[in-house]
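K.L.:
Each chain, letter by letter, is given below.
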Amino acid sequence: MAFRPLLSRTLGLTQTLTHSHSHTLTQLRGLQTFSLPDLSYDYGALEPAISGEIMQLHHQKHHQAYITNYNKALEQLQDAVAKGDSSSVVKLQSAIKFNGGGHINHSIFWKNLTPVSEGGGEPPHGSLGWAIDTHFGSMEALVQKISAEGAALQGSGWVWLGLDKESKKLVVDTTANQDPLVTKGANLVPLLGIDVWEHAYYLQYKNVRPDYLKNIWKVINWKYASQVYEKECP
Amino acid sequence: MALRSVSRKSLCLGLAVGQVRGLQSFSLPELPYDYGALEPVISKEIMQLHHLKHHQTYITNYNKALEQLDEALAKADSPSIVQLQSAIKFNGGGHINHSIFWKNLTPVREGGGEPPKASLGWAIDTQFGSLEVLIQRVNAEGAALQGSGWVWLALDKELKKLSIQTTANQDPLVTKGSALVPLFGIDVWEHAYYLQYKNVKADYLKNIWKVINWKYASEVYEKEIP
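Chains as they are written, first to last, in the numbering used here: chain W, 1 to 234; chain L, 1 to 226.
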């Protein structure tokens with residue numbers, strides 16, 4: 001299945017319009033809407049690690065809802081900005097962060113997974129493999145650390161393998177709710193994110209989040225993570 | 001089924017050496033109804049997992065954290081004492097919240113869903129206009145909650161006013177205001193409804209009112225406002 005780009009269009013901010021009192025009004029130009037990216041594999045292709053039922057709900061319901069609500073919030077933002085309604089502009093940031101974050105995070109997540117038949121679970125070679133061994137000691141140690149952080153996360157959130165593109169160091173970090181990794185550090189680039197919201201595993205694993213975390217490694221797309229890494233550390 | 005009290009013993013703090021004296025452990029309270037008794041509103045499977053797995057885990061981890069706190073206090077190990085507060089808040093909060101939640105629910109044949117009368121019914125009408133309005137607002141707050149958490153009908157026992165509050169994760173209602181008393185809470189963590197309602201949280205919220213135990217909420221209200 002062909003993978004469509006993340007955004008159908010980009011959001012452009014126009015130049016400011018000046019009033020005679022030298023107050024400026026900023027308008028959002030050409031606001032386009034985001035849409036659900038296709039998965040590059042069938043819903044059932046990640047079984048038995050992640051069930052087809054979960055993949056379908058997760059993609060078509062959860063991710064879609066974030067996109068729908070993100071688009072709505074951006075539309076409302078456009079209106080509020082046009083009216084100079086700062087109160088609404090600020091109030092909308094919560095919905096934009098949550099739903100926009102949900103869209104960002106899930107778009108990355110689908111690329112972080114791949115069927116076993118497409119290399120899912122195959123450990124990274126090349127520079128990322130070497131960086132993991134250097135920073136964490138071994139692949140096993142990294143997997144342990146990520147799984148432990150994911151299991152310990154209170155409430156809903158994500159566990160990430162990130163690259164600090166300034167220091168060129170790998171980090172394991174978590175974010176709450178739909179906060180993107182960048183909220184933990186402006187230089188952090190997500191190589192791999194694992195969704196630990198209950199909707200990501202409950203139908204199959206029930207309350208046993210550690211089992212989900214143990215099994216997901218079988219379908220992790222290390223090729224993609226390596227690509228992202230090598231782009232930042234050529 | 002008899003409802004056992006939330007804690008077997010109370011937690012006592014010794015003054016002089018800052019040690020936790022006579023630390024006892026908490027245990028899972030029994031439900032006053034069968035796991036299947038809230039069907040079709042909340043499935044037996046959910047009730048069973050929610051009680052025996054989720055609530056039990058909070059209790060197990062709460063007890064463990066308190067034990068570690070005991071040791072840290074004995075050693076005057078402040079970094080550990082402080083570090084343990086997160087686990088205590090989360091797991092202790094989980095125990096508090098779920099203990100309340102089981103009492104907030106009751107089968108239809110035991111009065112589940114029967115609207116409150118007397119002083120609580122009157123207070124709701126006065127402060128919200130009607131029960132329908134209250135329900136609408138609780139559902140809206142529950143639906144809008146980002147991530148995991150709870151939605152509460154709260155009584156400010158000082159101001160004698162009702163309010164709707166939400167808390168994140170397992171934060172108890174009191175974290176929103178020390179005078180707030182929970183009349184009832186609705187768990188909106190995904191584990192509370194997902195097996196049955198999938199992503200449609202709004203349907204769970206719409207249906208749960210059929211098994212809300214208003215009698216219990218009224219008792220709590222009348223205790224604070226006799």
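The reader is advised that the hints may include incorrect statements.
Stated by the list, open to error - If you want the footprint, here are the derived chain L segments under chain W, 3+ residues with CB under 8 Å:
1) 142-154
2) 165-171
3) 186-194
Claimed, not checked - List of simulated lysine-lysine pairs, DSBU-like, C-alpha gap at most 35 Å:
4) K165/W / K83/W
5) K111/W / K176/L
6) K83/W / K53/L
7) K72/W / K206/W
8) K215/L / K184/W
Calculated from the structure, these hints are not laboratory results.
C-beta: ideal position from N, C-alpha, C; glycine also.
K.L.:
All hints are to be evaluated individually against the structure, with a verdict given for each.
P.N.:
Hint check results:
Using a Cβ-Cβ cut-off of 8 Å, 4 residues of the segment 142-154 of chain L lie near chain W, which meets the minimum of three, so the contact claim holds. Coverage of a stretch by a chain is defined here by at least three residues with a beta carbon nearer than 8 Å to that chain's beta carbons; for the segment 165-171 of chain L and chain W the count is 3, and the condition holds. With a threshold of 8 Å between beta carbons, the proposed coverage of the segment 186-194 of chain L by chain W holds, since 4 of its residues qualify and at least three are required. This hinted pair does not check out: K165/W and K83/W have alpha carbons roughly 39 Å apart, beyond 35 Å.
A hinted pair counts as satisfied when its Cα atoms are at most 35 Å apart, and K111/W with K176/L does not qualify at roughly 39 Å. About 51 Å separates the Cα atoms of K83/W and K53/L, which puts this hinted pair outside 35 Å; it is violated. A distance of roughly 32 Å separates the Cα atoms of K72/W and K206/W; the hinted pair therefore holds under the 35 Å criterion. Taking the CA atoms of K215/L and K184/W, the gap is about 46 Å. The hint is violated against a cut of 35 Å.
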